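Asker: Fit chain B to the known structure of chain A by using the hints.
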Amino acid sequence: MTETEKQHDISTLTSGAMAPIWEWVEERIPPDTGIFDAHAHIGEDLDGRTMTADGMRERMKAAHVKKSIVFALNDPNALEVFSGPNDVVWRAHEEHPGFFVPFFRLNPHKEYEREFERCVERGFSGLKLHPVSQKFELDDERAVRLFEMAAKADLPVIIHAGFGMNRIVEALLPTIEGNPELRLILGHAAFVEILQAARVFADHPNVIFETSVARAAELYELFASFDPSRICFGSDIPYGDLPSTLYATLAAAEAAGIEKEHLRGILSENIRRWFP
Amino acid sequence: MSPKDGRAMASARTAHLLGIAANLNMATISLWGQSPRAAAILGMFEASIRWEGPGGSDEDLLERLRNLFEEAKKYHAREDFPAMMARLRVAYDLVSIRIIEVSGE
Chain A
1 MTETEKQHDI STLTSGAMAP IWEWVEERIP PDTGIFDAHA HIGEDLDGRT
51 MTADGMRERM KAAHVKKSIV FALNDPNALE VFSGPNDVVW RAHEEHPGFF
101 VPFFRLNPHK EYEREFERCV ERGFSGLKLH PVSQKFELDD ERAVRLFEMA
151 AKADLPVIIH AGFGMNRIVE ALLPTIEGNP ELRLILGHAA FVEILQAARV
201 FADHPNVIFE TSVARAAELY ELFASFDPSR ICFGSDIPYG DLPSTLYATL
251 AAAEAAGIEK EHLRGILSEN IRRWFP
Chain B
1 MSPKDGRAMA SARTAHLLGI AANLNMATIS LWGQSPRAAA ILGMFEASIR
51 WEGPGGSDED LLERLRNLFE EAKKYHARED FPAMMARLRV AYDLVSIRII
101 EVSGE
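Line by line, the protein sequences give chains A and B. Everything in the first sequence is counted per this note's numbering, starting at 1 for the first residue and increasing by one. Everything in the second sequence is counted per this note's numbering, starting at 1 for the first residue and increasing by one.
This is chain A alone, in the form it adopts within the complex (with noise of 0.2 Å):
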């Protein structure tokens, strides 16, 4: 079997011993819940991974998703600004219309004014950021001034806050302070330093937390203290699956006792405020 056959044979992710944990995630999912996914990739990556509009809206009707944020992956295209694997992205939202809210993706080692003039004068809804694969700190100063000028465009930035990652809540905070308007999303929850996060950001409405990949077990430390109408649930496909991704929020938030009405803000509402 070809990667891209493995690839698309997403049954594989419901079936056998998965079987009844789908079953136990549908039955949790309130009635029309609209899921929206606030995590996922197109294109490819320098490790090898993969992932085309279709296969994502395979994906997404299998799993009742109807909308999904995507941006590019570590694209070994992307020898400069990330220009060719943006252009990805936004065909995407092209041939897609109304599926997908496509993020631009920058490394701020490189010479990017150039790049975030053009993708925000195209519409893209907002910026993509990943610290580990561009080798960066968030307060590198060239990061500073790309949260600046999202904050100034009223563009959502969404940072990997996860696996790999160090420093983010002091690295962060100065510049979620002195840009009260910048609206920031937390990639992986920043599972690495998730309490202190949630106690730090709790004052900042700006900042949500973003489920992706995050075991349940730290999502279960966010939603026992922190606010849960500023959780959006995320998959990071191709890296992490709708089936499993989904599991640990529904597990997580049903171990911390968070109310049906919550579970819907979290699945599709709560991010759904800054992409109606």
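Watch out, some of these pointers could steer you wrong.
What the hints assert, rightly or not - Computed far set for chain A versus chain B, every beta-carbon distance over 12 Å:
(1) Glu-95
(2) Gly-178
(3) Arg-183
Stated by the list, open to error - Where chain B lies over chain A, by a calculated footprint (3+ residues, C-beta under 8 Å):
(4) 209-223
(5) 247-253
Claimed, not checked - Which chain B residues stay away from chain A? Per the calculated CB distances, all over 12 Å, these:
(6) Ser-2
(7) Ala-8
(8) Met-9
(9) Gly-19
(10) Asn-23
(11) Pro-36
(12) Ala-38
(13) Glu-46
(14) Trp-51
(15) Pro-54
Keep in mind that the hints were calculated from the coordinates and are not lab data. Treat the numbers as computed from the prediction; the structure is a model and nothing was measured. Quick reminder that beta carbons are idealized off the backbone N, C-alpha and C, glycines included.
Answerer: Same frame as chain A, now just chain B:
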């Protein structure tokens, strides 16, 4: 069973489940990092779920873990990374949630 005995049993179950979670976490990370020791660490996880836990109270969980692991192994052999990782992620979360539940008993 006295409250003291109940607490001791909950502690023993927690210790047992923490060991399982540790082996599973190591296995998952080693698979992510494509470590040459991944297969050996998967074997450690398999060993840790093979037998009954303290008092047998978690047998329902262990059975689910065994089923998920058997399939994860199959997908690992086929190099189907997403199907394998979905099962290992869910297995880890099942153990974690059970530990959280037991800690409140």
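Asker: Next, verify each hint and record whether it holds.
Answerer: Quick rundown of the hints versus the structure:
Chain B leaves Glu-95 (chain A) outside its interface by the beta-carbon criterion, the shortest separation being 24 Å against a cut-off of 12 Å. Gly-178 (chain A), annotated as away from the interface, keeps every beta carbon of chain B farther than 12 Å; the closest lies near 35 Å. Remark: the non-interface label on Arg-183 (chain A) is consistent with the geometry, its nearest Cβ contact in chain B lying 29 Å away (cut-off 12 Å). Counting residues of the region 209-223 of chain A whose CB falls under 8 Å from any CB of chain B gives 5; the rule of at least 3 is met.
Check result for the region 247-253 of chain A against chain B: holds, 4 residues qualifying (beta carbon to beta carbon below 8 Å, three or more required). Listed as outside the interface, Ser-2 (chain B) is consistent with that label: its C-beta sits roughly 27 Å from the nearest C-beta of chain A, beyond the 12 Å cut-off. With a least beta-carbon separation of about 23 Å from chain A, Ala-8 (chain B) lies farther than 12 Å from that chain, consistent with its non-interface assignment. At roughly 20 Å from the closest C-beta of chain A, the C-beta of Met-9 (chain B) stays outside 12 Å, upholding its exclusion from the interface.
Look at Gly-19 (chain B): its CB is around 15 Å from the nearest CB on chain A, clear of 12 Å, so calling it non-interface holds up. The beta carbon of Asn-23 (chain B) sits about 15 Å from the closest Cβ of chain A, which is more than 12 Å, so the claim that it is off the interface holds. Under the 12 Å C-beta cut-off, the non-interface status given to Pro-36 (chain B) relative to chain A holds; the minimum distance is some 17 Å. With a minimum CB-CB distance of about 16 Å to chain A, Ala-38 (chain B) clears the 12 Å threshold, and the non-interface call stands.
Remark: the non-interface label on Glu-46 (chain B) is consistent with the geometry, its nearest Cβ contact in chain A lying 14 Å away (cut-off 12 Å). At roughly 19 Å, the least C-beta separation between Trp-51 (chain B) and chain A is larger than 12 Å, which holds for a residue marked as non-interface. Distance check for Pro-54 (chain B) against chain A: the nearest CB is about 21 Å away, which clears 12 Å, and the non-interface claim stands.
Consistency note: the structure conflicts with none of the earlier hints.
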